[in-house]
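Sequence lines, in order, name chains F and W.
Its first residue numbered 24, the first sequence is counted upward by one per residue in my numbering.
Its first residue numbered 534, the second sequence is counted upward by one per residue in my numbering.
Hint data in this document are derived by calculation from the structure and do not stem from the laboratory.
Since this is a predicted model, take the numbers as computed values, not measurements.
Ideal Cβ positions, reconstructed from N, Cα and C, are used throughout, including at glycine.
Mixed in with the good hints, there may be bad ones.
What the hints assert, rightly or not - Straight-line C-alpha distance at most 16 Å; calculated EDC-like pairs for lysine to aspartate or glutamate: (1) K673(W) <-> D705(W); (2) K583(W) <-> E682(W); (3) K30(F) <-> E92(F); (4) K709(W) <-> D139(F); (5) K227(F) <-> D139(F); (6) K709(W) <-> D145(F); (7) K190(F) <-> E682(W); (8) K190(F) <-> E150(F); (9) K227(F) <-> E165(F).
As the list claims (entries may be wrong) - A few chain W positions that, by computed beta-carbon distances, are all more than 10 Å from chain F: (10) T541; (11) A568; (12) R593; (13) V612; (14) P689; (15) E699.
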Amino acid sequence: MTDETIKLQLDGVQVSVPKGATLLDAAQQAGVDIPVICYHEATSPNGLCRICVVDVDGGRVLQPACVAECQADTQVETRNERVLRSRRTILEMLNASVNLEQAPEIQQMMTDYDADDARFPDAQLREAEVIDDNPFYVRDYEQCVLCWRCVQVCAEDAQFTFALTLKNRGHDTSVATAFDIGMTESPCVFCGQCVGVCPTGALKPKVEWGMEQGWDADEMRRSTRRPRKRRDGA
Amino acid sequence: MKPPYPTTFGLFGLPTAANNVETICAAPLIINRGADWFRSIGVEGSAGPKLVSVSGHVGRPGVYEIAPGMTLRHFLDQVCGGVIGELLAVLMGGAAGTFLLPDEIDVKLTFEDLRAAGSTFGSGAIMVFNQTADLRDLLKRLGRFFQHESCGKCFPCQLGTQRQVEILERLDAPHKDDRERLLDVGMTMTEASLCGLGHTAGIAVMSAIEKFPQLFESNGKHHD
Ligand code: SF4
Ligand code: SF4
Ligand code: FES
């Protein structure tokens, strides 16, 4: 960023921001709330979830506020009909594919944006078995929104371990280890950063999972000390 | 991440022309014969020859190089051997294109005229359907195509192409409000997706909703 500042209108109010600031930066500065799902301060933004879209000068497409830079003399609307329709529909479509029971922030967005919990009847849930293959955490990709944060902190954004990647594509996309090997065979060093940045219940410390399962003290000790086989027997 | 687009920030961070085979092939002809010769083909605004690929219910389907400016009707009747049977619809621009009705084919084949008619050359594909065509089946196939093509990176397209195909697959016995669902999904993919695939994944379906609303009515059959 340089010392140069630029001015733009945000919901009708003029704001000045340093050149290079994103629309999300400008909104935060102006006290305007823009929801985010994939964006995280500690990870490189990829503009994946698009829940943060805003309308810039009524352009042909909406702009993702977390990555789009402020342009001088533009009129930005953060809550018009177009924006609200996209946000509501993204939430409704996501809710139809992913188990969001343990994602309170997204639940709150569903309420804020009037999203219908049952908007898409007979939709295909992205089903997945819980993977319990190491003493430290479990992975339940049925709760994964594909924000990529775990993949990123495991790679260049923090740990440089590269234990996590993505497999398949389209709606079948899933986070996975390379060749789907178990976590203990992967390069994973069990730093826990992925668990820390996960916005849903998809990555969970083993102890928390054990308490949900009602494990007794013996089971808890056993399960968190030595590697277990994958529950699906693979 | 886009913007910026290659025209302003491409190779080595500089403005870059992205060519395809068609435009690359035009380059030596323009160099050898001059820009005036090239511009003498077609019309102002849509200068130079244009490749289109015609399929479906016409006498002579195939790839044609046309001089923009003739009407679609003239092209189909005089160049492509005429429509076989009674015309139902023309899908202009391929899987991400828009439908033209039989009374709309007097549109001139130029970029400007097509745009004004809410249509497009798009990929250059022109698909012709007569009364025997099953447009619901066509829409299902388009839905499967985009579901398969989505890379899965951004939510609107990753989820939207899936929701869209789920609804299209049950067109013969729809849920109440499936039309509105398709419009919300289509507009969200168009306006909020990350790349051109998602931006266009709902275009043909939304065009069908506008041009053939009866396809989205239940015919008495209902899921509910
Ligand atoms: S497991 Fe969690 S952090 Fe990783 S992509 Fe899924 S939701 Fe995001
Ligand atoms: S719009 Fe592009 S980036 Fe987004 S999922 Fe579709 S193909 Fe991938
Ligand atoms: S928060 Fe901007 S795209 Fe996800």
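Hints versus structure:
| no. | hint | verdict |
| --- | --- | --- |
| 1 | K673(W) <-> D705(W) | 11 Å, holds |
| 2 | K583(W) <-> E682(W) | 26 Å, violated |
| 3 | K30(F) <-> E92(F) | 12 Å, holds |
| 4 | K709(W) <-> D139(F) | 15 Å, holds |
| 5 | K227(F) <-> D139(F) | 27 Å, violated |
| 6 | K709(W) <-> D145(F) | 13 Å, holds |
| 7 | K190(F) <-> E682(W) | 15 Å, holds |
| 8 | K190(F) <-> E150(F) | 15 Å, holds |
| 9 | K227(F) <-> E165(F) | 13 Å, holds |
| 10 | T541 | 13 Å, holds |
| 11 | A568 | 30 Å, holds |
| 12 | R593 | 37 Å, holds |
| 13 | V612 | 33 Å, holds |
| 14 | P689 | 5 Å, violated |
| 15 | E699 | 6 Å, violated |
The structure fails to meet hints 2, 5, 14 and 15 from the earlier list, while all remaining hints are met.
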